[in-house]
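Enquirer: Take a look at the letters that make up each chain.
There are 2 protein chains.
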Amino acid sequence: MLDFTFHNQTDIRFGRGHIDNELYDVLHQYGTNVLLVYGGHSLKQTGLYDRVLGLLKDLNVTELPGIEPNPKISSIREGQKLAKDHQIDVILAVGGGSVIDAAKVIASAAYYKGDPWDLVISPAKRQDLAQLPVVDILTLAATGSEMNFGSVISDPTIPQKKGTQGPNSPAVSFLDPTLTYTVPTRQTAAGASDIFSHLCEQYFDTAENNDVSKSMIEGLMRTVIKWAPIAVKEPENYDARANLMWAATMALNGIVGLGTVNHWTVHPLEHELSAQYDITHGIGLAILTPRWMKFALNEESKPLFARFARAVWDQYGYDDMELAENSIRRTHDWLKSLNSEMTLPDVGITDDSKFADMAKAAVAGGSLDTNAYVPVTEQDAIQIYRDSMHDFAE
Amino acid sequence: MLDFTFHNQTDIRFGRGHIDNELYDVLHQYGTNVLLVYGGHSLKQTGLYDRVLGLLKDLNVTELPGIEPNPKISSIREGQKLAKDHQIDVILAVGGGSVIDAAKVIASAAYYKGDPWDLVISPAKRQDLAQLPVVDILTLAATGSEMNFGSVISDPTIPQKKGTQGPNSPAVSFLDPTLTYTVPTRQTAAGASDIFSHLCEQYFDTAENNDVSKSMIEGLMRTVIKWAPIAVKEPENYDARANLMWAATMALNGIVGLGTVNHWTVHPLEHELSAQYDITHGIGLAILTPRWMKFALNEESKPLFARFARAVWDQYGYDDMELAENSIRRTHDWLKSLNSEMTLPDVGITDDSKFADMAKAAVAGGSLDTNAYVPVTEQDAIQIYRDSMHDFAE
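As they're listed, the protein sequences go chains G and A.
Letter 1 of the first sequence, counting from 1, is numbered 1 in this note's numbering, and no numbers are missing.
Letter 271 of the second sequence, counting from 1, is numbered 1271 in this note's numbering, and no numbers are missing.
Cross-link-like lysine to aspartate or glutamate pairs, in silico, DMTMM-like; alpha carbons within 25 Å at most:
# : chain 1 : residue 1 : chain 2 : residue 2
1 : G       : LYS354    : G       : ASP387
2 : G       : LYS233    : A       : ASP1003
3 : A       : LYS1226   : G       : ASP319
4 : G       : LYS233    : A       : GLU1208
5 : G       : LYS125    : A       : ASP1011
6 : A       : LYS1226   : G       : ASP314
7 : A       : LYS1354   : A       : ASP1391
8 : A       : LYS1302   : G       : ASP239
9 : A       : LYS1233   : G       : ASP3
Per label pair, the in silico range of CB-to-CB distance:
#  : chain 1 : residue 1 : chain 2 : residue 2 : range
10 : A       : ASP1319   : G       : LYS233    : 27 to 35 Å
11 : G       : THR370    : A       : ASN1060   : 44 to 52 Å
12 : A       : LYS1302   : G       : GLU299    : 39 to 47 Å
Note that these hints are calculated values from the structure, not bench results.
Beta carbons are placed, not taken as given, at the ideal position from N, Cα and C, and that holds for glycine.
Excised from the complex, chain G in its bound form (with noise of 0.2 Å):
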């Protein structure tokens, strides 16, 4: 297990009883300048957005609406100048993961004098920066970014797709299960595979010995491979909401990543799909998870794959490569049980004169070809594109 720290402050607020009672006052803690920054008319049409601003009654309320899927440096942008004219105290992001990451940049960008593109470009000049406190009510099980630092921001003029760190994690979420029981089939399934791949991410990691957090992972995964389709087929079910809401949380709080080496693969590959076509980001992954599944067993990696089976998808037998096959396997069905786009083609990619380029910026950006759990070379994220235009071949 490699050395590590922790320190998250964010205050959860979990389940139904939450909301009503307690945004006022946690946002009024604060001060009265609240910039409300959410997305687009789903909003209005749940009936959240006039709950909301009942429940905020006298706070002076400033707001930045339209942040959209893979949210832009425009919106940033936008929402820097509303804090810095409006003297906010507060942002409170009503929205899913692109809301809360966008809220998170802003909340350090309303301290900053240059462009807040240098904030996603050098995330090291944001620790320096004061950062307005954010809270969120979050209406979408997938990111995790309700309790990390971390936000992923696009400027389509580029194009390009970046992460970046602050220095606090938001103050208070609020997290209620119920308020995702309007997503979506094909978002919830997308939602679901961005868990996945969080936890499939921080699984196959190079660090050894590390059970405390592999075994948590293990648990995660069952937990939404067990709830996501419930959640499809029945909206209303607390439970598949609650649990995946809690797990997308605990997936990306950085909890079950700590004492690892902790380099990404898939997400830096899909950040190119959906930077260079504005795909959903889970569907992305979904898409790429078992094609980069079957580059990465070898035999090196044969025993953690073959773990993987037995622990998270109940695989017995003596054959550890027959093991990982079938986990892999199993992945890609669960995957396509939810995901109806399993394919490039079925996301409106039809033609592979990019990938070339994607792969270029991939394994640049996310040292692909020296950190990865198995090595990605410009080549070989070629040919996991290439592999993702057709139906899965095992």
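With chain G fixed as given, assemble chain A onto it according to the hints.
Expert: Just chain A, lined up with the frame of chain G:
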């Protein structure tokens, strides 16, 4: 899954590389007057006492040595006086759970005018008090006190042993597994038994459909089952010590108990044993746990014991009662492989004259007859104590 809140601000510094570089700065941020709380001479024998004092340099150090296992209210009173007399800014606790438990209550008592036993029997009084920051250097993997709000304090004159919760968990905890290399076999085993018991208490719970917590607990149980025997046989195996140490923290920092009812049974039963006979807490738990399991297995609890058998003990089969019984036998045999004392006479308790009083206090103190996973009457508790007088019978 039940509603919950979670907020834990402890800053964890895990591994070999932190204490020498960071201890001084961590303490100095709070001020210059340090109360150094520790136990007995083992700290001086191992050289840790000199090492720590050397790191404190120009800080003003007041010492409170002699914190015993099952820490006594007399130590808290002494610490309260020292903290006031020396205008202490921060408490540095160096030791195991007992030392950290004592430090946390002294941290509250420093702001209390009355006798600190009030704070033990009425923890609500601590919530309105300030609390000195506690920094600790952990030397035993067991109680989880390094990342939680609880303390257990005894008054041997009554005799009583009571749990109390403060408003804050430790500010900073240094967890260096190499500091546990010198822990004797008996204490290593007792610590592992304590960790396992914490996990059992949270696992055997009436809250349903909380797979995030249950599956992480299963993973932590597997980790402890794997690494405790290695730590016992190879005291300087870093990975064994590291997995045990971090599992101990994760087992009782609150996370794996979220969303559950979280009423405990074996700890209240054991607290009466160590209150009356001052035995080692972890050994008392090792003795009681299999007897409690045998008591708790019935038609209603059978499915959870069977799940425990499959997920934790790798038992396969279709007969849930057989699986459940196997899991209890496996639990007993594993505890016995670690602990040489597995009956009450082994720890010097040879007559049953106090059992009725202990059972009465345990049932009342833990609300065992109404709130436990399987309700325990006074008669049941007496029977569990009696079953602990002789070798475990399946």
